[in-house]
Amino acid sequence: MAKYITRRLIYMVVSLYLIVTATFFLMRLAPGNPFTSEKKLPPEIEAALNEHFGLNDPWYAQYGDYLLRIAQWDFGPSFKYKTRTVNDLISEGFPVSLALGAQAILIALALGLILGIIAALYHNKWQDYGAMIIAVLGISVPSFIMATVLQYFFAIKWGLLPVARWDSFMHTILPSLALAASPMAFIARLTRSSMLEVLANDYIRTAKSKGLSKGVITVKHAIRNALLPVVSYMGPLSAGIITGSFVIERIFGIPGLGSHFVTSISNRDYTVIMGVTVFYSIILLVSILLVDIAYGLIDPRIKIAGGKKGE
Amino acid sequence: MEKILEVKDLSVSFQTYGGEVQAVRNVNFDLYKGETLAIVGESGSGKSVTTQTIMKLIPMPPGKIKSGQILFEGKDIVPLSDKQMEKVRGKEISMIFQDPMTSLNPTMKIGRQIMEGLIKHQNMSTSSAKERAIEMLRLVGIPMPERRVNQYPHEFSGGMRQRAMIAIALAANPKLLIADEPTTALDVTIQAQILELMKDLQSKMNTSIIFITHDLGVVANVADRVAVMYGGQIVETGTVDEIFYDPRHPYTWGLLASMPSLENDDKSELAAIPGTPPDLTNPPKGDAFAARNPYAMQIDFEEEPPLFQISETHFAKTWLLHPDAPAVEPPDAVKRRMRKLSSTFDKPVLVKGGK
Ligand SMILES: Nc1ncnc2c1ncn2[C@@H]1O[C@H](COP(=O)(O)OP(=O)(O)OP(=O)(O)O)[C@@H](O)[C@H]1O
Ligand SMILES: [Mg+2]
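Sequence order for the protein chains is A and B.
Sequential numbering from 1 applies to the first sequence in UniProt numbering.
Sequential numbering from 1 applies to the second sequence in UniProt numbering.
FYI, nobody ran anything at the bench for these hints, they're computed from the structure.
Do not rely on the hints blindly, as some may be mistaken.
A few chain A residues that don't get close to chain B, going by computed Cβ distances all over 10 Å [stated by the list, open to error]: (1) Asp57; (2) Ile118; (3) Gly253.
Derived DEER-like restraints, expressed as beta-carbon distance ranges [claimed, not checked]: (4) A:Ile114 / B:Gln69: 51 to 59 Å; (5) B:Val188 / A:Asp202: 51 to 59 Å; (6) B:Gln84 / A:Arg250: 54 to 62 Å; (7) B:Val188 / A:Ser140: 21 to 29 Å; (8) A:Lys214 / B:Arg339: 27 to 35 Å; (9) B:Glu146 / A:Arg69: 53 to 61 Å; (10) B:Arg147 / A:Arg69: 38 to 46 Å.
What you are looking at is a predicted structure, and each value in this text was computed from that prediction instead of being measured.
Don't be surprised by glycine CBs; every beta carbon is placed ideally from N, CA and C.
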């Protein structure tokens with residue numbers, strides 16, 4: 001196990017290096033620079049700014065410099081927010097996005113699995129149709145509409161929950177729900193189809209032939225096998241969600257990481273783009289690793305330990 | 001001898017997009033305590049559907065029991081609910097399935113899969129169920145069972161998986177064991193071992209067995225009686241001797257003629273039955289076998305043959321046994337093995353009202 005994880009960590013460092021390099025050069029290729037804006041800057045000032053941020057150095061110097069700083073977990077200053085570093089932005093925004101994302105993932109996973117399992121167990125009955133209508137709504141309604149609908153009913157009309165901001169647990173409920181809706185729907189559909197496939201397997205009939213009840217068969221034989229596709233979807237999903245959602249954060253006025261990602265791109269804020277990209281990649285790679293480990297735990301045919309067990 | 005199972009007039013259909021598939025049509029048979037009945041017939045003849053219906057394991061819907069009774073120890077199980085069937089399945093009746101590679105749960109330890117039934121039906125504690133699982137694995141000839149109980153199916157070979165399936169099926173000492181082609185997926189030496197094992201266990205536990213196969217060679221080895229299925233119907237039943245030495249139905253002749261035998265290693269005579277199985281969505285009028293039957297008469301295409309009784313235990317469903325039918329000679333390969341059996345009636349007797 002330790003050996004496997006070490007090997008995976010080495011792969012992760014290599015992938016990260018490639019991602020950093022690719023982002024670095026792709027950004028140079030894009031026209032314009034961080035100081036391009038509607039109001040044209042006097043050329044002398046722009047030159048001075050470029051000088052100040054090292055943009056006049058040859059590319060290899062900038063590249064080497066950048067790699068070195070990233071290796072020390074220093075993403076440098078923001079080009080736009082003069083007083084804050086990229087590290088500051090990440091350490092302020094990420095905990096908020098993480099909390100929101102984690103809550104949303106829990107909701108999406110719990111509801112999605114329940115809906116999907118019910119739909120599969122009652123295949124082609126009203127429970128199935130009901131669950132799938134919810135799923136289709138969840139997938140097709142965009143999150144900003146979901147968010148405004150939730151705000152309208154729960155906050156404005158019934159006054160049960162705060163409309164926006166990020167102060168107490170009550171404030172987190174609506175944005176978590178809005179963020180969870182579409183992954184929940186996706187997980188429900190995935191679980192349903194995967195459960196249906198598993199339930200048609202010969203070993204389910206074997207379980208039935210032992211006289212086990214429907215409940216026991218579902219819990220002990222079907223769900224575990226049906227979980228695999230859901231688990232592999234969880235990797236990219238959780239990375240995407242915990243690094244923040246621009247739309248939801250904007251609508252609810254949440255100081256998360258998601259908004260930085262989008263604004264930094266339109267601002268050509270090189271260091272923020274790079275920093276957030278690298279950060280996102282790390283989260284993604286870690287969640288993929290976790291998914292692979294979970295896979296090995298669920299399905300004994302996938303051996304992650306290598307040796308030890310078996311033949 | 002006491003009957004453990006009586007299947008009466010059983011019909012099973014599947015509702016599909018193409019129409020109603022009449023997989024089993026008016027099947028009748030009995031099974032006695034401690035007896036082994038072999039069901040033979042080509043692919044699609046309804047062997048699995050018939051036997052899975054006995055445990056009510058066919059998916060319903062699309063499957064449906066259209067008519068009939070299944071009396072297990074005198075009690076009809078057709079009207080039982082799923083909940084009530086849980087007390088029959090795995091306790092009174094167990095099943096070994098056709099494909100050992102897919103019939104075990106890949107993510108559950110073999111030991112667990114054996115223990116489940118024991119914990120459910122015999123109120124065993126986990127530890128005593130585990131001991132029993134180890135004992136069962138040893139009984140079915142799996143070496144180092146203490147280690148093997150904790151392994152997963154992918155760590156077992158095909159033959160070992162089938163042994164594990166047998167261990168699961170027999171763990172609860174069922175009164176009736178249904179083995180659906182338990183050896184088809186295995187190679188010949190392992191086949192022989194598994195058959196030996198089942199016979200052995202039967203004599204120890206006095207289990208009744210329904211043994212499904214399309215290999216007549218296996219039948220002679222294990223069975224007391226044989227039922228030949230064609231197109232969802234039983235076309236001939238009799239003791240092993242009656243089926244092998246005095247077969248009456250032309251489909252049984254075809255099966256026997258296509259069987260390689262030890263006395264006669266002239267392979268050139270091996271004749272496969274030409275043609276294709278009948279379409280069970282629109283079963284043919286008359287005799288389902290008529291289209292492939294070289295002995296078919298006009299009436300075979302018009303009217304379904306009744307059942308004729310040839311001895312106390314021997315029945316066949318063919319117009320050839322009718323007093324007005326012309327005398328026909330079975331194929332050479334079959335004729336050579338024909339023998340006069342002492343129990344045979346003077347003349348076939350028409351059985352009134354089905355059976
Ligand atoms: N779930 C189902 N839906 C529709 N038709 C089915 C279903 N299960 C079985 N059948 C049909 O019932 C008929 C009998 O099938 P069955 O599995 O009993 O054959 P078999 O004699 O066991 O054949 P084999 O030797 O290949 O196992 C076939 O025509 C098959 O297509
Ligand atoms: Mg079959």
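Going through the hints against the structure:
1. No beta-carbon of chain B is positioned within 10 Å of the beta-carbon of Asp57 (chain A); the least distance is around 56 Å.
2. No beta-carbon of chain B is positioned within 10 Å of the beta-carbon of Ile118 (chain A); the least distance is around 18 Å.
3. Non-interface status of Gly253 (chain A) relative to chain B is upheld: no Cβ of that chain comes within 10 Å, the nearest being about 45 Å off.
4. At roughly 40 Å, the beta-carbon separation of Ile114 (chain A) and Gln69 (chain B) lies outside the given 51 to 59 Å, and the hint is violated.
5. Distance hint check: the CB atoms of Val188 (chain B) and Asp202 (chain A) are about 24 Å apart, inconsistent with the given range 51 to 59 Å.
6. Checked against the hint of 54 to 62 Å, the pair Gln84 (chain B) and Arg250 (chain A) passes, with Cβ atoms roughly 58 Å apart.
7. A hinted range of 21 to 29 Å is violated for the C-beta pair Val188 (chain B) and Ser140 (chain A), which are about 57 Å apart.
8. Between Lys214 (chain A) and Arg339 (chain B) the beta carbons are some 52 Å apart, a value that contradicts the proposed interval 27 to 35 Å.
9. In this structure the supplied range 53 to 61 Å holds for Glu146 (chain B) paired with Arg69 (chain A), their Cβ-Cβ distance being about 58 Å.
10. Distance hint check: the CB atoms of Arg147 (chain B) and Arg69 (chain A) are about 54 Å apart, inconsistent with the given range 38 to 46 Å.
Violated hints, listed in ascending order, are 4, 5, 7, 8, 10; each of the other numbered hints is respected by the structure.
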